[in-house]
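Q: By UniProt numbering, the letter at position 205 of the sequence shown is numbered 205, and the numbering carries on one by one without gaps.
To be clear, the hints were calculated from the coordinates, so they are not data collected in a lab. The reader is advised that the hints may include incorrect statements.
Quick list of simulated restraints, FRET-style, between CB atoms [unchecked claim]: (1) V247 x G39: 36 to 46 Å; (2) G171 x G257: 39 to 49 Å; (3) A24 x G353: 29 to 39 Å; (4) V247 x S301: 46 to 56 Å; (5) R55 x P204: 21 to 31 Å; (6) W383 x E6: 34 to 44 Å; (7) Q230 x S301: 44 to 54 Å; (8) S301 x V262: 27 to 37 Å; (9) E6 x D316: 19 to 29 Å; (10) G295 x P204: 27 to 37 Å; (11) W383 x A322: 19 to 29 Å; (12) R236 x D116: 17 to 27 Å.
Glycine is no exception: its CB is placed at the ideal position from the N, C-alpha and C atoms.
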Amino acid sequence: MHSFSEAVRRAHADRTRSFVAISAEREYTIPEVAGATAGELRGVPFAAKDNIDTRALPTTANTPALLGMGRQRNNPVVARLLAAGAQLVGKTNTHELALGITTSAAAFPATLHPVDPMRSPGGSSGGSAAAVAAGIVPFALGTDTGGSISIPASWCGVFGFRPTTGRWPSGGIVPLSPTRDTVGVIAESAELLELVDRVVCNEPGRRRAAATVSRGGRVDTAVRLGVPLQNSGYTRELDADVHTGWVRAQERLCESGLVELVPVDTSALHRLEASCGTEIEFFEISHALSAYLGGLPIPVSFRDLLDQVARSDVGDLLSESARFATAEPAYASALRRRLKLQSVYTTLMADLGLAGLLYPSVPRVAPRVVGPGRSADPEIFAWGTRNVNPGSVAGHPVVSLPAGRSTNGLPVGISIEGLRSHDRALLALARQVAPVLLADDHVLSRSGGGVHLSLGD
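Work out the full structure, taking the sequences as your base and the hints as a guide.
A: Listed below in structure tokens is the structure:
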């Protein structure tokens with residue numbers, strides 16, 4: 001693992017444009033939070049998404065009205081990491097106001113995919129994923145309202161963890177939906193996800209592994225994971241590379257004995273999410289943003305923010321949220337349907353004895369956003385968020401893991417979604433299965449309808 005000064009040097013030289021602000025070459029050594037697990041991250045460089053408050057650097061959320069702005073405080077997650085000895089390299093790019101999944105140009109230039117600069121790194125935490133994938137920092141903070149950790153982690157071929165909503169400290173971010181928002185982490189390994197979560201939550205060392213393994217290496221108790229049915233809301237219209245990776249991931253996991261895969265009907269999850277997720281987020285956006293903007297050293301109004309927004313897709317979403325802001329009866333009804341969604345999840349898992357769900361993180365590999373064949377952001381958003389929506393609305397924890405690469409080098413990700421408040425068990429399972437999914441850093445190839453493996457470089 002390289003040093004803080006080396007990470008700063010790499011950030012300045014980075015060609016993915018993942019950073020929008022970079023720290024001076026100095027160490028962060030003064031603990032800022034009493035009770036944090038001091039020293040566990042001593043000297044480890046990290047980055048924070050540019051919608052997360054940091055005392056040393058501005059927080060702009062990649063939108064013109066906030067350029068140069070800052071709250072002169074550290075987000076509580078940032079503060080706990082600094083207290084544990086981690087060192088902040090800089091702020092990473094985000095889709096404007098975190099209202100999109102391509103991290104396209106707004107107040108700052110677009111972040112480029114680390115494998116193919118013509119493609120999107122994902123978003124809205126695209127800068128954080130690109131910075132980790134490019135080897136600049138071993139981990140970076142992001143935020144997640146509806147897939148903004150899992151999507152870029154999948155497209156960039158790294159690990160992403162969205163905790164149970166409310167597990168990590170709230171506040172200190174440019175908000176969208178307090179009901180759905182959470183800070184999360186993108187990292188180079190599943191072990192690092194686990195370590196960061198332990199530090200942030202100030203919890204003692206590892207819990208026993210999710211699956212019990214005897215001294216001889218045989219798994220005594222496999223973890224039961226639900227697998228959505230073919231052509232379900234999670235598995236329909238997968239592109240060829242993702243389908244191949246998805247099938248191969250199931251084969252490898254079954255062969256490992258670490259998990260038992262159980263077919264499950266998930267149609268109710270997508271149906272209920274579609275009935276409440278948008279209503280909740282859009283009602284809360286203008287209220288939450290207005291409160292944040294009013295607390296800035298130089299207050300900004302919601303109207304000023306909207307008038308200066310750089311991207312038309314983001315402007316349209318903000319305008320729509322303003323129209324939703326007075327729809328209190330519809331909002332209250334949506335919150336009740338969210339409770340129903342959570343209840344259906346709980347019943348589904350309990351009835352089948354499941355520890356979680358397994359599904360493709362995103363239905364397609366990273367899309368082309370520059371040049372011939374490019375896709376428009378609204379189109380990408382529609383299919384890109386499909387698989388992550390039910391869990392993010394319900395507030396479930398999820399880990400996205402790399403599961404191979406397409407024949408042209410584009411990563412494919414697989415998600416394990418856990419039970420609410422069972423984050424440590426989920427992270428332990430992710431640590432166990434990651435080597436199975438990453439064996440030989442395999443490239444997925446297709447021939448004769450079967451799944452075949454060719455070794456990567």
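Q: CB of Q230 to CB of S301, is that within 44 to 54 Å?
A: Roughly 50 Å apart at Cβ, these two residues keep to the hinted range, so it holds.
Q: Between V247 and S301, does the beta-carbon spacing fit 46 to 56 Å?
A: holds, 51 Å
Q: Is the distance from the Cβ of W383 to the Cβ of E6 consistent with 34 to 44 Å?
A: At roughly 38 Å between Cβ atoms, E6 and W383 fall inside 34 to 44 Å, so the hint holds.
Q: For W383 and A322, compare the CB-CB distance with the range 19 to 29 Å and indicate the outcome.
A: holds, 26 Å
Q: Go ahead and decide if the range 17 to 27 Å is satisfied by the Cβ distance of R236 to D116.
A: holds, 26 Å
Q: At the C-beta level, are E6 and D316 separated by a distance inside 19 to 29 Å?
A: violated, 42 Å
Q: Range first: 36 to 46 Å. Now tell me if the beta carbons of V247 and G39 are that far apart.
A: At roughly 44 Å between Cβ atoms, G39 and V247 fall inside 36 to 46 Å, so the hint holds.
Q: A range of 21 to 31 Å was offered for this pair. Does it hold for the Cβ distance of R55 and P204?
A: holds, 28 Å
Q: With 27 to 37 Å as the target window, see if S301 and V262 comply at their CB atoms.
A: Violated - the Cβ-Cβ distance for S301 and V262, about 51 Å, lies outside 27 to 37 Å.
Q: Quick one: are G171 and G257 within 39 to 49 Å, going by C-beta?
A: At 43 Å between Cβs, range holds.
Q: If you check the beta carbons of G295 and P204, does the distance land in 27 to 37 Å?
A: Roughly 35 Å apart at Cβ, these two residues keep to the hinted range, so it holds.
Q: A24 and G353, beta-carbon distance inside 29 to 39 Å?
A: violated, 53 Å
Hint compliance for this structure: hints 3, 8, 9 are not met, and every other hint is.
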